[in-house]
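Undergrad: Here is what each chain is made of, one letter per residue.
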Amino acid sequence: MIDTLAILAIFSGLFFFFSGSIGLLRLPDLFSRLHALAKADNVGLALVALGVIMLEPDPLNDIKIAVIWLLVMAASAISSHLVARHALREIRDD
Amino acid sequence: MIELLWSIFDITLVLLLLALAWNTCSTRDVMRAVTLFIAMGLLLAIIWARLKAPDLALAEAVIGAGISGALLLSAIRDYPSTAMVSQRSTLIEGIINILTLALTILMSWAVWHGLNMSDGVRLSEQVISQLPVSGVSNPVTAVLLNFRAYDTLLELAVVLTAVLTVLTLNEKRAGYKVSSPLLQGMTRWLVPLLVVTSGYLLWVGAHAPGGAFQAGAMLAAAMILLQLAYPSRRQEFNNYLLKILLVIGIFTFVLVGLWMMSLNDDFLGFTPAWAGSLILIIETAATVSIATALTLAYLGGRPKGWEAGNHTDSKIAENGGAE
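Residue numbers (the working numbering), protein chains in the order written: chain A, 1 to 94; chain B, 95 to 417.
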């Protein structure tokens with residue numbers, strides 16, 4: 001039961017990564033690309049992390065995976081913000 | 095089934111690595127080359143992890159992708175955004191290609207020969223058999239800091255020489271102007287976390303993947319993050335302290351080596367009973383020196399008042415005020 005749930009979570013996470021990659025390649029401008037990438041990354045990683053936590057019996061490792069997810073989420077949110085801010089300034093300067 | 099999936103995954107990784115390497119070398123756009131190189135470093139880290147070499151994976155992720163990426167980005171900062179890699183003549187490019195191909199074939203042959211042809215004792219078996227007297231239980235640390243400590247000492251010397259060259263060539267560059275309160279907010283809680291992680295990597299190196307280079311690079315990453323988040327903050331370095339921190343790694347290493355020479359008639363031949371503590375002392379000093387060296391390399395040159403030292407510098411400032 002728990003295995004099925006874990007696999008389901010991991011595969012739906014992969015689906016988000018996949019759609020994020022398509023968004024990165026196909027969307028027209030930087031801002032919409034960032035949007036697609038950051039959203040897909042956060043949800044995708046959250047689902048994959050959830051699936052791995054279900055499969056991992058050691059609670060210490062579970063906490064580590066959760067911390068990794070939090071750190072990546074913070075880093076991706078902040079770096080998206082920085083890239084978008086820089087791009088916006090360049091548009092304003094032109 | 096699961097083996098098949100793993101081999102598909104491995105083949106994908108290798109093909110991706112080759113594609114990234116090819117693109118990194120063949121692109122003419124400097125910015126693109128650097129970005130691809132960073133991505134290649136991350137991919138290489140995953141591959142090392144797959145090869146069950148977590149020490150190398152850590153080192154590659156922190157140093158290869160992280161710090162080298164930051165150094166490269168800082169190096170191409172003054173280039174215009176349209177900068178191109180200079181075009182080489184077809185002849186030179188052909189010669190380089192042939193030499194690289196020859197080197198690749200030679201190294202592939204060496205690896206194949208080492209794995210299949212020689213029937214000598216494997217080095218890893220020797221390491222495992224000597225591990226109990228090394229003072230640590232992580233075989234990688236045992237090799238780096240005990241059995242081949244001489245190599246590591248010289249590696250530290252290489253890092254020091256490179257940074258001294260950087261310091262000789264340039265003044266410290268001005269910080270980036272654009273910054274964001276969000277970046278500062280993240281830096282505030284990320285830097286303490288990085289410092290703790292660096293200390294953990296240093297300590298854990300004795301019995302699990304980790305060690306001075308990884309810990310030092312992580313500490314340098316914290317310093318670089320501070321530099322990026324607070325570029326306008328007045329950066330008064332204590333230059334005496336900075337110089338001491340820069341050389342303390344090598345100094346400690348040589349000092350311990352000489353001390354052991356006086357006891358055991360062998361430079362860096364550790365007394366087994368003390369080896370664990372000695373390695374930890376050397377690694378701690380090396381971590382600090384590596385972090386200082388990488389941070390200074392990222393800054394791209396001498397901080398203010400480097401040659402004069404702080405006291406003379408303040409005197410100059412007083413004179414300037416009087417005039």
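Hints listed in this document are in silico derivations from the structure and should not be mistaken for laboratory results.
Quick reminder that beta carbons are idealized off the backbone N, C-alpha and C, glycines included.
Certain hints may be false.
What the hints assert, rightly or not - Incomplete in silico selection of chain B near chain A, CB under 7 angstroms:
1) Val227
2) Ser231
3) Val234
What the hints assert, rightly or not - Far from chain B, by Cβ distances over 10 angstroms, these chain A residues were calculated:
4) Met1
5) Ile7
6) Leu24
7) Asp29
8) Lys39
9) Val43
10) Leu55
11) Ile78
12) Leu82
13) Ile91
Undergrad: Hint by hint, note whether the structure agrees.
TA: Hints and how they fare:
Proximity of B/Val227 to chain A is violated relative to the hint, the smallest CB-CB distance being about 31 angstroms (cut-off 7 angstroms). Residue-level restraint check for B/Ser231 is violated (minimum Cβ-Cβ distance to chain A is 20 angstroms; threshold 7 angstroms). With a cut of 7 angstroms, the hint placing B/Val234 at the interface with chain A is violated, because the nearest CB-to-CB distance is about 21 angstroms. Every Cβ of chain B is farther than 10 angstroms from the Cβ of A/Met1; the closest lies at roughly 20 angstroms, confirming the non-interface assignment.
With a closest Cβ-Cβ approach of about 13 angstroms to chain B, A/Ile7 is found to remain outside the 10 angstroms limit, as its non-interface label requires. With 10 angstroms as the threshold on Cβ separation, the claim that A/Leu24 sits away from chain B holds: the shortest Cβ distance comes to roughly 13 angstroms. Remark: the non-interface label on A/Asp29 is consistent with the geometry, its nearest Cβ contact in chain B lying 17 angstroms away (cut-off 10 angstroms). No Cβ of chain B comes within 10 angstroms of the Cβ of A/Lys39; the nearest lies about 17 angstroms off, and the non-interface call holds.
The beta carbon of A/Val43 is kept farther than 10 angstroms from every beta carbon of chain B, the shortest such distance being approximately 20 angstroms. For A/Leu55, the non-interface assignment is confirmed: its Cβ lies about 13 angstroms from the closest Cβ of chain B, beyond the 10 angstroms cut-off. Taking the minimum C-beta to C-beta distance to chain B, about 5 angstroms, the non-interface status of A/Ile78 is violated against the 10 angstroms cut. Once the 10 angstroms rule is applied to beta carbons, A/Leu82 is inconsistent with being away from chain B; the minimum gap is 6 angstroms.
With a closest Cβ-Cβ approach of about 14 angstroms to chain B, A/Ile91 is found to remain outside the 10 angstroms limit, as its non-interface label requires.
Checked against the numbered hints listed earlier, the structure breaks hints 1, 2, 3, 11, 12; every other hint is satisfied.
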